[in-house]
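A.B. asks: Each chain is listed here by its residues.
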Amino acid sequence: MFAAENGLKGDPRLEAISAAIRVVPDFPKKGIMFQDITTLLLDHKAFKHTIDIFVDRYKDMQISVVAGVEARGFMFGPSIALAIGAKFIPLRKPGKLPGKVISESYELEYGHDRLEMHIGAVEPRERVIIIDDLVATGGTLSAAISLIESQEAEVVECACVIGLPEVKGQHKLKGKPLYVLVEPSGLDEFC
Amino acid sequence: MFAVENGLQGDPRLQAISDAIRVIPHFPKTGIMFQDITTLLLDPVAFKHVVDIFVARYKHMNISLVAGVEARGFIFGPPIALAIGAKFVPLRKPGKLPGRVISEEYELEYGSDRLEMSVEAVQSRERALVIDDLVATGGTLSASINLLERAGAEVVECACVVGLPKFKGQCRLKGKPLYVLVEPSQFDELTL
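Note that the protein sequences, when read in sequence, are chains A and P.
So the number in our numbering is just where the residue sits in the first sequence, counting from 1, plus 1321.
So the number in our numbering is just where the residue sits in the second sequence, counting from 1, plus 12.
These are calculated hints, taken from the structure and not from any lab test.
Keep in mind that this is a model prediction, so the values were computed, not measured.
The C-beta atom is built at its ideal place from N, Cα and C for all residues, glycine as well.
Treat the hints with caution; some may be incorrect.
Claimed, not checked - Straight-line distance between alpha carbons at most 27 angstroms, and here's what the computed DSS-like set of lysine-lysine pairs gives:
#, chain 1, residue 1, chain 2, residue 2
1, P, 108, A, 1369
2, A, 1369, P, 60
3, A, 1489, A, 1330
4, P, 41, A, 1414
5, P, 71, A, 1369
6, A, 1421, A, 1495
7, P, 71, P, 186
8, A, 1493, A, 1380
9, A, 1350, P, 105
10, A, 1330, A, 1366
11, P, 60, A, 1414
12, P, 178, A, 1414
13, A, 1369, P, 105
14, A, 1380, A, 1497
To be verified - Pairwise CB distance ranges, derived in the manner of DEER restraints:
#, chain 1, residue 1, chain 2, residue 2, range
15, P, 40, A, 1458, 26 to 34 angstroms
16, P, 189, A, 1431, 42 to 50 angstroms
17, P, 108, A, 1423, 37 to 45 angstroms
18, A, 1507, P, 126, 31 to 39 angstroms
19, P, 74, A, 1381, 34 to 42 angstroms
20, P, 24, A, 1353, 24 to 32 angstroms
21, A, 1493, P, 164, 46 to 54 angstroms
22, A, 1507, P, 164, 30 to 38 angstroms
23, P, 43, A, 1325, 49 to 57 angstroms
24, A, 1490, P, 38, 47 to 55 angstroms
To be verified - Here are some chain P residues pointing at chain A (derived, C-beta under 10 angstroms):
#, residue
25, 13
26, 14
27, 31
28, 39
29, 55
30, 80
31, 86
32, 88
33, 91
34, 93
35, 111
36, 114
37, 124
38, 126
39, 133
Only chain A is shown next, with the shape it has when bound in the complex (with noise of 0.2 angstroms):
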C-alpha cells in the first residue's frame, strides 16, 4: 500500500521524498535503474519528511521494536525507533552479529544469501515493524518477517521509502501489509 492511498494523496512531502531520490542507470548491472536514496539523506528536509511520516504512522500502533535491514535499513530505522519509544534491532549478513544467531537464507536474483538477527533481541508478543529502503521482489522482507515471527513476535507492517508499482492496493508479503512512500523515480526527473 502506497502512502498517497492511505491518507497522503497530494501531500507534498511525498514529492519532496521522491525528487531527492537519484537514479543511476547500470547499478550494480545493466539494465538496473538504481534508486540512489544517499541523495535523500543530503537533503535534510525531504530526510525529515521520511522519518516523520513513518513515526506519526507508527506513534500510535503500540510498535515496541523497529528491525532494520542492513545496511541502508539502518539509515531509517533507528531514528524512528528513537522518536517512537521502541527498540531498534539490525538484521544483518551473515558473521556480522557477535551473540547467538537465528539465520534465514533468501533468493538473490543468483544465489542465496542469509540475514541474522540475535537471540533474545525480540521477545514473544512484541509488535514489531521491518523497515528498508526499497522493496522488489520482497525476498529480503520476507526472510525478515521469517526471523521475528520465529521469536514468535507480531510483525505488524512492513515499511520501504521506495517500492515497485507492483505493491499498489492490498498487497502484502507473507501476509504482512507493506507501507511504501513512493514508487521508483525516473532517470529525468533529477537534475
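Assemble chain P onto chain A, guided by the hints.
C.D. replies: Only chain P this time, still in chain A's reference frame:
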C-alpha cells in the same frame, strides 16, 4: 578526549550507556573482547542518551555534514544529522555506492580494506563530523578524514560511542580531535 574529561563527569547517562553495552569474548576471533552495541540499541533510554549527548555537543558548531562509517556508523549518524540539521553521508565498503566515488585504503590487522564516499556529497569548506561506534586503532577514522578532506571539507571532530583508554586527553587523529563517550565495558561472567 572522553566525555567525562569535558564537562560530563558524573553524568549518570554515561553509566547507563556503558552498562547497556555487552561484551562478547573472542569475537570475531580469540583474544578480542568485542564491544556489542546492539544491546545499547535495545535500550531506548540509553540509546537516546547517546544521541542527545552528541546533539548537545554539535548543534551549535555549524556542522553541515555528518559522515558515518559502514555499518554501525549508519545507526548513530542519521539521528544526529537530523537533530542538528545536517546532511548524512555514508562512508561505505567498495562497490556499494552508485555514481562517482573517491576511495581511501586503510590497514587491517592482516591486509587492507577500502572506504568509499560519493564525490557529489560534499561541498568545499563544509564543516563535517565523522561518526562510528568504536575507535580502536583509528585506521578507519583516518581513512574517513582523508576522504572528506580530499573532497574539500573540514573535519571538525570524530565522534565514537566507545574508545580505548589511549584516546584520553588531547589525543588526536591526523590532527583532528576525537570525542568518545565511554571506555570499553568489561566482560562480566554473571551476565551470560
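A.B. asks: Next, verify each hint and record whether it holds.
C.D. replies: Consistency of the hints with the structure:
Proposed proximity of residue 108 of chain P and residue 1369 of chain A is supported: the alpha carbons are some 24 angstroms apart, at most 27 angstroms. Restraint check for residue 1369 of chain A and residue 60 of chain P: satisfied, since their Cα atoms lie roughly 17 angstroms apart, inside the 27 angstroms limit. With a CA separation close to 13 angstroms, the supplied pair residue 1489 of chain A and residue 1330 of chain A stays within the 27 angstroms bound. Pair hint residue 41 of chain P plus residue 1414 of chain A holds up; C-alpha atoms about 18 angstroms apart against a cutoff of 27 angstroms.
Our distance criterion of 27 angstroms between C-alpha atoms is met by residue 71 of chain P and residue 1369 of chain A, whose separation comes to about 16 angstroms. Between residue 1421 of chain A and residue 1495 of chain A the alpha-carbon distance is near 26 angstroms, which keeps this suggested pair within the 27 angstroms criterion. As the CA atoms of residue 71 of chain P and residue 186 of chain P are separated by approximately 24 angstroms, the hinted pair is consistent with the 27 angstroms bound. Restraint check for residue 1493 of chain A and residue 1380 of chain A: satisfied, since their Cα atoms lie roughly 21 angstroms apart, inside the 27 angstroms limit.
A threshold of 27 angstroms between alpha carbons decides the hint, and for residue 1350 of chain A with residue 105 of chain P the separation of about 17 angstroms falls inside it, so the pair holds. With a C-alpha separation of about 19 angstroms, the suggested pairing of residue 1330 of chain A with residue 1366 of chain A holds against the 27 angstroms cut-off. With a CA separation close to 26 angstroms, the supplied pair residue 60 of chain P and residue 1414 of chain A stays within the 27 angstroms bound. Annotation: proposed proximity of residue 178 of chain P to residue 1414 of chain A is violated, straight-line Cα distance about 31 angstroms (limit 27 angstroms).
Our distance criterion of 27 angstroms between C-alpha atoms is met by residue 1369 of chain A and residue 105 of chain P, whose separation comes to about 26 angstroms. Of the pairs offered as hints, the one joining residue 1380 of chain A and residue 1497 of chain A holds, with about 19 angstroms between alpha carbons and a cut-off of 27 angstroms not exceeded. The beta-carbon spacing between residue 40 of chain P and residue 1458 of chain A, approximately 31 angstroms, falls within the hinted interval of 26 to 34 angstroms. Distance hint check: the CB atoms of residue 189 of chain P and residue 1431 of chain A are about 46 angstroms apart, consistent with the given range 42 to 50 angstroms.
Hint check: residue 108 of chain P to residue 1423 of chain A, Cβ distance near 25 angstroms, so the stated range 37 to 45 angstroms is violated. Checked against the given bound of 31 to 39 angstroms, the beta carbons of residue 1507 of chain A and residue 126 of chain P, roughly 32 angstroms apart, stay inside it. Between residue 74 of chain P and residue 1381 of chain A, the C-beta spacing of about 36 angstroms keeps the proposed range 34 to 42 angstroms intact. With their beta carbons about 50 angstroms apart, residue 24 of chain P and residue 1353 of chain A fall outside the hinted range of 24 to 32 angstroms.
The hint said 46 to 54 angstroms for the Cβ distance between residue 1493 of chain A and residue 164 of chain P, and at roughly 47 angstroms that hint holds. Look at residue 1507 of chain A against residue 164 of chain P: about 31 angstroms separates their beta carbons, and that is inside 30 to 38 angstroms. Taking 49 to 57 angstroms as the suggested C-beta distance range, the pair residue 43 of chain P and residue 1325 of chain A conforms, at roughly 54 angstroms. Checked against the hint of 47 to 55 angstroms, the pair residue 1490 of chain A and residue 38 of chain P passes, with Cβ atoms roughly 50 angstroms apart.
The restraint placing residue 13 of chain P at the interface with chain A is violated, with a minimum CB-CB distance near 25 angstroms, outside the 10 angstroms limit. With its C-beta approaching chain A no nearer than about 23 angstroms, residue 14 of chain P sits outside the 10 angstroms limit, and its interface hint is violated. For residue 31 of chain P, the interface hint is violated, since its Cβ never comes within 10 angstroms of a Cβ in chain A; the closest pair sits about 16 angstroms apart. Interface hint at residue 39 of chain P: satisfied, since its Cβ lies 4 angstroms from the closest Cβ of chain A, which is below the 10 angstroms cut-off.
The closest approach between the C-beta of residue 55 of chain P and any C-beta of chain A is roughly 8 angstroms, which is under the 10 angstroms cut-off, so the hint is satisfied. The interface hint given for residue 80 of chain P holds, since its Cβ lies 8 angstroms from the closest Cβ of chain A, which is under the 10 angstroms cut-off. Given the 10 angstroms rule on beta carbons, the hint for residue 86 of chain P holds: about 4 angstroms separates it from the nearest Cβ of chain A. Interface hint status for residue 88 of chain P: upheld, as the beta-carbon distance to the closest one in chain A is roughly 8 angstroms, under 10 angstroms.
Checking residue 91 of chain P against chain A: minimum C-beta separation of about 5 angstroms stays under 10 angstroms; hint holds. For residue 93 of chain P, the interface hint holds, since its Cβ comes within 10 angstroms of a Cβ in chain A; the closest pair sits about 7 angstroms apart. For residue 111 of chain P, the interface hint holds, the least distance from its beta-carbon to any beta-carbon of chain A being 5 angstroms, beneath 10 angstroms. Residue-level restraint check for residue 114 of chain P is violated (minimum Cβ-Cβ distance to chain A is 14 angstroms; threshold 10 angstroms).
A hinted interface residue such as residue 124 of chain P counts as satisfied when its beta carbon comes closer than 10 angstroms to some beta carbon of chain A; here the least separation is about 19 angstroms, so the hint is violated. Because the beta carbon of residue 126 of chain P sits about 16 angstroms from the nearest beta carbon in chain A, more than 10 angstroms, this interface hint is broken. Using the Cβ-Cβ criterion of 10 angstroms, the hint placing residue 133 of chain P at the interface with chain A is satisfied: the shortest such distance is roughly 6 angstroms.
Of the numbered hints listed earlier, those contradicted by the structure are 12, 17, 20, 25, 26, 27, 36, 37, 38.
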